[in-house]
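Protein chains: 2
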Amino acid sequence: MKRKGEVPSIVGRIMDVLIVGSVAYDSVVSPLGHVKDALGGSATYAGLACSFHAKRLSLEQIGLVGVVGEDFADADRTLLANSGLDLQGIETAKGETFRWAGSYHGTMAEAQTHETHLNVFEHFEPKVPESHQNPKITFCANLHPLLQSSVLHQATPNRLSMLDSMNLWIDIARDSLVEVMQKVDLVIINDGEVRMLADDENLIRAARKVIEMIGVQTLVVKRGEHGVIAFHGPDIISLPAYPTENVVDPTGCGDTFAGTIAAHLASGNGELTRDELRHALLSATVSASFTLESFGIQSLHSMTQEMFQNRLEAFSHMLN
Amino acid sequence: MKRKGEVPSIVGRIMDVLIVGSVAYDSVVSPLGHVKDALGGSATYAGLACSFHAKRLSLEQIGLVGVVGEDFADADRTLLANSGLDLQGIETAKGETFRWAGSYHGTMAEAQTHETHLNVFEHFEPKVPESHQNPKITFCANLHPLLQSSVLHQATPNRLSMLDSMNLWIDIARDSLVEVMQKVDLVIINDGEVRMLADDENLIRAARKVIEMIGVQTLVVKRGEHGVIAFHGPDIISLPAYPTENVVDPTGCGDTFAGTIAAHLASGNGELTRDELRHALLSATVSASFTLESFGIQSLHSMTQEMFQNRLEAFSHMLN
Numbered sequence: 001m002k003r004k005g006e007v008p009s010i011v012g013r014i015m016d017v018l019i020v021g022s023v024a025y026d027s028v029v030s031p032l033g034h035v036k037d038a039l040g041g042s043a044t045y046a047g048l049a050c051s052f053h054a055k056r057l058s059l060e061q062i063g064l065v066g067v068v069g070e071d072f073a074d075a076d077r078t079l080l081a082n083s084g085l086d087l088q089g090i091e092t093a094k095g096e097t098f099r100w101a102g103s104y105h106g107t108m109a110e111a112q113t114h115e116t117h118l119n120v121f122e123h124f125e126p127k128v129p130e131s132h133q134n135p136k137i138t139f140c141a142n143l144h145p146l147l148q149s150s151v152l153h154q155a156t157p158n159r160l161s162m163l164d165s166m167n168l169w170i171d172i173a174r175d176s177l178v179e180v181m182q183k184v185d186l187v188i189i190n191d192g193e194v195r196m197l198a199d200d201e202n203l204i205r206a207a208r209k210v211i212e213m214i215g216v217q218t219l220v221v222k223r224g225e226h227g228v229i230a231f232h233g234p235d236i237i238s239l240p241a242y243p244t245e246n247v248v249d250p251t252g253c254g255d256t257f258a259g260t261i262a263a264h265l266a267s268g269n270g271e272l273t274r275d276e277l278r279h280a281l282l283s284a285t286v287s288a289s290f291t292l293e294s295f296g297i298q299s300l301h302s303m304t305q306e307m308f309q310n311r312l313e314a315f316s317h318m319l320n
Numbered sequence: 001m002k003r004k005g006e007v008p009s010i011v012g013r014i015m016d017v018l019i020v021g022s023v024a025y026d027s028v029v030s031p032l033g034h035v036k037d038a039l040g041g042s043a044t045y046a047g048l049a050c051s052f053h054a055k056r057l058s059l060e061q062i063g064l065v066g067v068v069g070e071d072f073a074d075a076d077r078t079l080l081a082n083s084g085l086d087l088q089g090i091e092t093a094k095g096e097t098f099r100w101a102g103s104y105h106g107t108m109a110e111a112q113t114h115e116t117h118l119n120v121f122e123h124f125e126p127k128v129p130e131s132h133q134n135p136k137i138t139f140c141a142n143l144h145p146l147l148q149s150s151v152l153h154q155a156t157p158n159r160l161s162m163l164d165s166m167n168l169w170i171d172i173a174r175d176s177l178v179e180v181m182q183k184v185d186l187v188i189i190n191d192g193e194v195r196m197l198a199d200d201e202n203l204i205r206a207a208r209k210v211i212e213m214i215g216v217q218t219l220v221v222k223r224g225e226h227g228v229i230a231f232h233g234p235d236i237i238s239l240p241a242y243p244t245e246n247v248v249d250p251t252g253c254g255d256t257f258a259g260t261i262a263a264h265l266a267s268g269n270g271e272l273t274r275d276e277l278r279h280a281l282l283s284a285t286v287s288a289s290f291t292l293e294s295f296g297i298q299s300l301h302s303m304t305q306e307m308f309q310n311r312l313e314a315f316s317h318m319l320n
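Chains P and Z supply the protein sequences, listed in that same order. FYI, my numbering numbers position 5 of the first sequence as 5, with every residue one higher than the one before it. FYI, my numbering numbers position 270 of the second sequence as 270, with every residue one higher than the one before it.
Next up, chain P with everything else stripped away, as it sits in the complex (with noise of 0.2 Å):
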């Protein structure tokens, strides 16, 4: 029962992750079929993992902030907010919405893009809400540097902050790309892009030379179908990937990967542990696994937390 001036509950709710990244049509292309102007983009999938995972761990709230554009459908919208996403920090600006095609051969280990069109992204200033400000989690998905950057000013984040980026963002926006790495507490990128950055094949020693370079106390290393190495202070955790026979598209494994890793660590507290890390990457290794077995996000989608334990039970015995 209410009492007077008692302070609304929702005031009181925690805003567990605050994600920024894009949210966009994407076009694909795999040995298996294709799909056309398909709901995707780094926060979409971020988003949808971590929600996924918000309820098994009991958090509250999961906000999103980006941009689409005024065609972006009424049905993807109920989507993410039926998912349990709060969807105020998104903003409808005038053109259309982030587009990406691309296409997977051979391994499919790598995307090749076809095109890009930032359309609302080209002049989008992310406005993070008030209610937002001060998240337990801040996780900059993949996005412009600068844009991630903006966010870590504006929000806050009571436990900590982490990041992901792509091989784009290191041919063209280098300079800033090391300045917002500098910025948050952990660094998700993958193998490419860390020998990449640190201009050496090989990569424990490249991953040593970037997390002195960015100064960052974890460094996870994406390592596709080869699986995880994750660098934690003093600390290393390696995980191979869930083996997956069915790859039908890849896009969003990596986000997928990293919005479970971000739920998790919404749900602990104080310095985080190597094991709470580890069990982290376990989950989200096995998350990842269900995004790459179908187009689009229909595979996450769907994902039930009954799919999800039995696959993560089976993981784990693979291991021990």
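It should be emphasised that the hints constitute simulated quantities derived from the structure, not laboratory data. Note that CB positions come from ideal geometry on N, CA and C, so glycine has one too. Hints are not guaranteed to be accurate.
Pulled a few chain P residues facing chain Z out of the computed Cβ check, cut under 8 Å [to be verified]: (1) Ala93; (2) Leu146; (3) Leu239.
Quick list of simulated restraints, FRET-style, between CB atoms [claimed, not checked]: (4) P/Thr113 x Z/Ala109: 22 to 28 Å; (5) P/Asp37 x Z/Glu201: 54 to 60 Å; (6) Z/Pro31 x P/Asn167: 21 to 27 Å.
Using the hints provided, position chain Z relative to the given structure of chain P.
Below, chain Z alone, put in the same frame as chain P:
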């Protein structure tokens, strides 16, 4: 005190592992330097790794079968014998010892072969000494599949037979290779070879196809810097590589890996269990990480039990 009529104890000794493979002089160039005519070959690396673990595992005898030329140095023969290897099965033939020259670039994942001189291997017909014909484990290290077949024909293992190979034989002797693979209990090949054999880019699917093609119980897929994935009946075991900053020369890593497995399997009895295989794979991964760190056999040969144990503990910690 020996009694009259007593069989000399030598007869009662068990041949734990019989290894057939190449003994070679290798010339290697890597980004970290070069070496000329260094002792190498699949039987050399596998034998040295096997005999290292033989001491830890209280095995009695490791026998090599192979051929060297008249130019084979006494010092190299002494080194092998002093490592505890039985060299009765090493024939000295007229001509020169097998020579291989290659180089590594970039991530050093694959060797580029510059020269292969079969020399004494061209007309080699392996003869397994009588005392070696009932080993516990027969291990056919990388060699022409017809020579592997001949050894399997001559030596019947008490526990199991295993085989390693390379892409060259898939290219020039595919039918013989598939045939000999069908005869063994455990096959070790690398990821590229699995993809080649199955003509499938998805490693997991490719491995399943190879298992069906050769009807093998256990398939161990080496993935170089990405670790190993093993298929053992219905089970999968997946391990990352030991993270190494100091990669000097990967030559012989696969042989070291396989030789270590052979030693471990010789120390067990009955059906190969998942736990036993996993333990062997852990030791094999750690052993191979030493071979990487020098040209030729140098760092494998100078590895001490303490160095091995320390790294094995660090690796186990990394995984758990």
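The hints, checked one at a time:
1. Ala93: violated (40 Å)
2. Leu146: Given a least distance of 32 Å, the restraint on leucine 146 of chain P is violated.
3. Leu239: holds (7 Å)
4. P/Thr113 x Z/Ala109: 22 to 28 Å: holds (25 Å)
5. P/Asp37 x Z/Glu201: 54 to 60 Å: violated (27 Å)
6. Z/Pro31 x P/Asn167: 21 to 27 Å: holds (23 Å)
Hints 1, 2 and 5 from the earlier list are contradicted by this structure; the remaining hints agree with it.
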